[in-house]
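Visitor: Single-letter residue listing:
2 protein chains.
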Amino acid sequence: MLSFYICLRKIPPMTEPRINPNVSVDCVIFSFEDDGLEVLLIERNAGQNRIEDDLLALPGNLIYEDETLDAAANRVLRELTGLKNIYLEQVYTFGDPARINKQKDQDWLHSIRAHPEARVITVAYTSLVKKSNFKISPSSFARQAMWVKVKEVPQLAFDHNALLEKALEYLKHKIYIEPLGYELLPERFTLAQLQKLYEAILDDHFDKRNFRRKVLRTSFIIPLNEKQKGVAHKPAGLYRFDKSKFHKI
Amino acid sequence: MLSFYICLRKIPPMTEPRINPNVSVDCVIFSFEDDGLEVLLIERNAGQNRIEDDLLALPGNLIYEDETLDAAANRVLRELTGLKNIYLEQVYTFGDPARINKQKDQDWLHSIRAHPEARVITVAYTSLVKKSNFKISPSSFARQAMWVKVKEVPQLAFDHNALLEKALEYLKHKIYIEPLGYELLPERFTLAQLQKLYEAILDDHFDKRNFRRKVLRTSFIIPLNEKQKGVAHKPAGLYRFDKSKFHKI
Numbered sequence: 424m425l426s427f428y429i430c431l432r433k434i435p436p437m438t439e440p441r442i443n444p445n446v447s448v449d450c451v452i453f454s455f456e457d458d459g460l461e462v463l464l465i466e467r468n469a470g471q472n473r474i475e476d477d478l479l480a481l482p483g484n485l486i487y488e489d490e491t492l493d494a495a496a497n498r499v500l501r502e503l504t505g506l507k508n509i510y511l512e513q514v515y516t517f518g519d520p521a522r523i524n525k526q527k528d529q530d531w532l533h534s535i536r537a538h539p540e541a542r543v544i545t546v547a548y549t550s551l552v553k554k555s556n557f558k559i560s561p562s563s564f565a566r567q568a569m570w571v572k573v574k575e576v577p578q579l580a581f582d583h584n585a586l587l588e589k590a591l592e593y594l595k596h597k598i599y600i601e602p603l604g605y606e607l608l609p610e611r612f613t614l615a616q617l618q619k620l621y622e623a624i625l626d627d628h629f630d631k632r633n634f635r636r637k638v639l640r641t642s643f644i645i646p647l648n649e650k651q652k653g654v655a656h657k658p659a660g661l662y663r664f665d666k667s668k669f670h671k672i
Numbered sequence: 424m425l426s427f428y429i430c431l432r433k434i435p436p437m438t439e440p441r442i443n444p445n446v447s448v449d450c451v452i453f454s455f456e457d458d459g460l461e462v463l464l465i466e467r468n469a470g471q472n473r474i475e476d477d478l479l480a481l482p483g484n485l486i487y488e489d490e491t492l493d494a495a496a497n498r499v500l501r502e503l504t505g506l507k508n509i510y511l512e513q514v515y516t517f518g519d520p521a522r523i524n525k526q527k528d529q530d531w532l533h534s535i536r537a538h539p540e541a542r543v544i545t546v547a548y549t550s551l552v553k554k555s556n557f558k559i560s561p562s563s564f565a566r567q568a569m570w571v572k573v574k575e576v577p578q579l580a581f582d583h584n585a586l587l588e589k590a591l592e593y594l595k596h597k598i599y600i601e602p603l604g605y606e607l608l609p610e611r612f613t614l615a616q617l618q619k620l621y622e623a624i625l626d627d628h629f630d631k632r633n634f635r636r637k638v639l640r641t642s643f644i645i646p647l648n649e650k651q652k653g654v655a656h657k658p659a660g661l662y663r664f665d666k667s668k669f670h671k672i
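If you read the sequences in order, they're chains A and B. Yeah, the first sequence ends on 672 if you go by the working numbering, and it's all consecutive. Yeah, the second sequence ends on 672 if you go by the working numbering, and it's all consecutive.
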């Protein structure tokens with residue numbers, strides 16, 4: 424009878440997928456809007472309770488045994504923050520045996536996981552979105568989810584500051600080889616708006632005239648015969664982005 | 424007495440590090456020399472025996488619990504092929520739950536691993552070397568290690584063809600943003616040699632005149648006032664690469 428009871432306890436319900444205790448995914452979701460580059464962070468619950476003075480974290484969790492890494496990243500992001508239908512790209516995998524070395528992280532893991540001591544290798548994913556297109560609704564162990572200015576990100580849980588750095592580096596590289604971020608601008612944009620985007624991602628400040636000269640030398644940013652309307656200042660000229668010309672180069 | 428015996432059997436010797444059954448590393452080592460782009464592959468032993476008609480594989484293995492992913496990649500490459508002191512870069516992590524679906528791979532895993540059914544997520548690393556600088560000496564479960572022309576790579580073990588593709592893609596992207604491969608050329612090289620390098624990596628054929636014009640438009644490939652010596656054909660002009668100018672751009 425006892426062994427029957429133990430047996431019953433050990434078999435998880437059919438609907439609950441088996442967790443892989445050694446592999447997790449973490450999502451570094453950036454947003455660019457007028458207020459610059461921000462990143463999506465969560466505040467963690469411990470079990471059903473909040474740990475006082477806990478560390479903010481990137482949304483992330485262990486993967487299921489029967490799902491791909493991409494599927495896990497999408498699921499975890501949705502479960503923790505409510506964000507879905509986001510095109511996530513894999514950035515880098517972090518596997519330092521000492522990546523869970525802060526006391527607060529260990530306490531949190533002990534409050535929430537079946538194998539809190541297991542070594543966890545984490546696969547970082549990233550995306551760049553327009554935050555006004557998405558509604559945040561935290562759940563699971565995320566008590567809160569919020570956009571935080573990249574420049575104001577405090578010490579995070581685990582090695583999440585390193586993940587954030589790597590994802591930023593990935594964005595910076597990518598902006599040179601892909602038409603990154605144009606979907607975050609209006610279809611017809613001013614050069615000031617474009618400059619803001621590049622400055623936010625590259626964390627740099629450009630001289631306005633130099634930037635304009637360089638942009639006009641490319642063949643994929645096309646000046647339109649139109650100007651801004653309804654602005655208080657002198658209206659600026661409008662431009663559009665030609666994706667096919669970018670790819671040709 | 425029996426339990427003492429079992430206990431003795433279960434404790435591994437102190438010197439043997441614990442293996443993580445869920446995470447492996449694989450190394451995609453490319454070589455460029457006169458005969459084009461090649462990749463380093465191994466022929467696997469099963470236990471102490473060779474499986475007849477087995478699949479070739481990238482050098483790879485499970486990680487130890489106490490080592491970083493980078494350290495694991497270096498160790499595994501050294502153990503299987505003898506190659507060491509190679510600058511390995513992480514490319515991508517492969518985690519499809521069905522990545523070990525070929526019968527030959529399952530047979531091999533059963534012959535060699537403690538947990539042949541465990542799901543394995545693998546982290547791919549890559550490097551581009553000059554093969555004549557290295558001596559291959561296979562050991563551990565690698566019966567043989569050999570350079571194979573990338574264009575002639577057959578069906579490989581596991582998802583290793585996909586790893587190879589991803590590493591190639593990584594090289595192609597990289598050649599646009601980093602001075603990739605110049606250390607594989609002589610210090611003073613001809614434009615024909617440079618063209619061969621780009622053609623091998625980009626898997627493309629360039630018109631000689633166009634290539635020359637584009638190269639001379641860059642500021643980091645510097646024509647020298649020298650020509651080849653001791654060649655049967657008309658000696659070609661020599662060039663050098665200016666790393667600092669490349670980085671400025």
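Just to be clear, a hint being listed does not mean it is correct.
Identical copies look the same in the list; a pair holds intra-copy or inter-copy alike.
Said to hold, decoys possible - Computed cross-link-like contacts, BS3-like style, restricted to lysine-lysine with a CA-CA straight-line distance of at most 25 Å: (1) Lys527 <-> Lys558; (2) Lys572 <-> Lys652; (3) Lys619 <-> Lys574; (4) Lys657 <-> Lys595; (5) Lys572 <-> Lys631; (6) Lys597 <-> Lys666; (7) Lys652 <-> Lys558; (8) Lys527 <-> Lys597; (9) Lys589 <-> Lys637; (10) Lys572 <-> Lys657; (11) Lys657 <-> Lys637.
Treat the hints as calculated values from the structure; they're not laboratory data.
Visitor: Next, verify each hint and record whether it holds.
Guide: Hints, verified against the model:
Taking identical chains as interchangeable, the C-alpha atoms of Lys527 and Lys558 are never at most 25 Å apart, the minima being 29 Å within one chain and 48 Å between chains. In this assembly of identical chains, the alpha carbons of Lys572 and Lys652 never lie at most 25 Å apart, being 30 Å within a copy and 60 Å across copies at closest. When the C-alpha separation of Lys619 and Lys574 is checked against a cutoff of 25 Å, the pair qualifies only within one copy, where the shortest distance is 15 Å, while the shortest distance between copies is 44 Å. With identical chains, the CA atoms of Lys657 and Lys595 are never at most 25 Å apart, being 32 Å at best within one copy and 45 Å at best between copies.
Taking identical chains as interchangeable, the C-alpha atoms of Lys572 and Lys631 lie at most 25 Å apart only when both belong to the same chain, with a minimum of 24 Å there against 49 Å between chains. For the identical chains of this complex, Lys597 and Lys666 are neighbours both inside a copy (15 Å) and across copies (21 Å), given an alpha-carbon limit of 25 Å. For a Cα distance limit of 25 Å, the shortest separation of Lys652 from Lys558 qualifies neither inside one copy, at 30 Å, nor across copies, at 69 Å. Proximity of Lys527 to Lys597 under the C-alpha cut-off of 25 Å is found in neither arrangement, the shortest distances being 34 Å within a copy and 39 Å between copies.
For the homomeric pair Lys589 and Lys637, neither the shortest alpha-carbon distance inside one copy (27 Å) nor that between copies (33 Å) is at most 25 Å. For a Cα distance limit of 25 Å, the shortest separation of Lys572 from Lys657 qualifies neither inside one copy, at 30 Å, nor across copies, at 61 Å. For the homomeric pair Lys657 and Lys637, the shortest alpha-carbon distance inside one copy (22 Å) is at most 25 Å, but the shortest distance between copies (41 Å) is not.
Hint compliance for this structure: hints 1, 2, 4, 7, 8, 9 and 10 are broken, all remaining hints hold.
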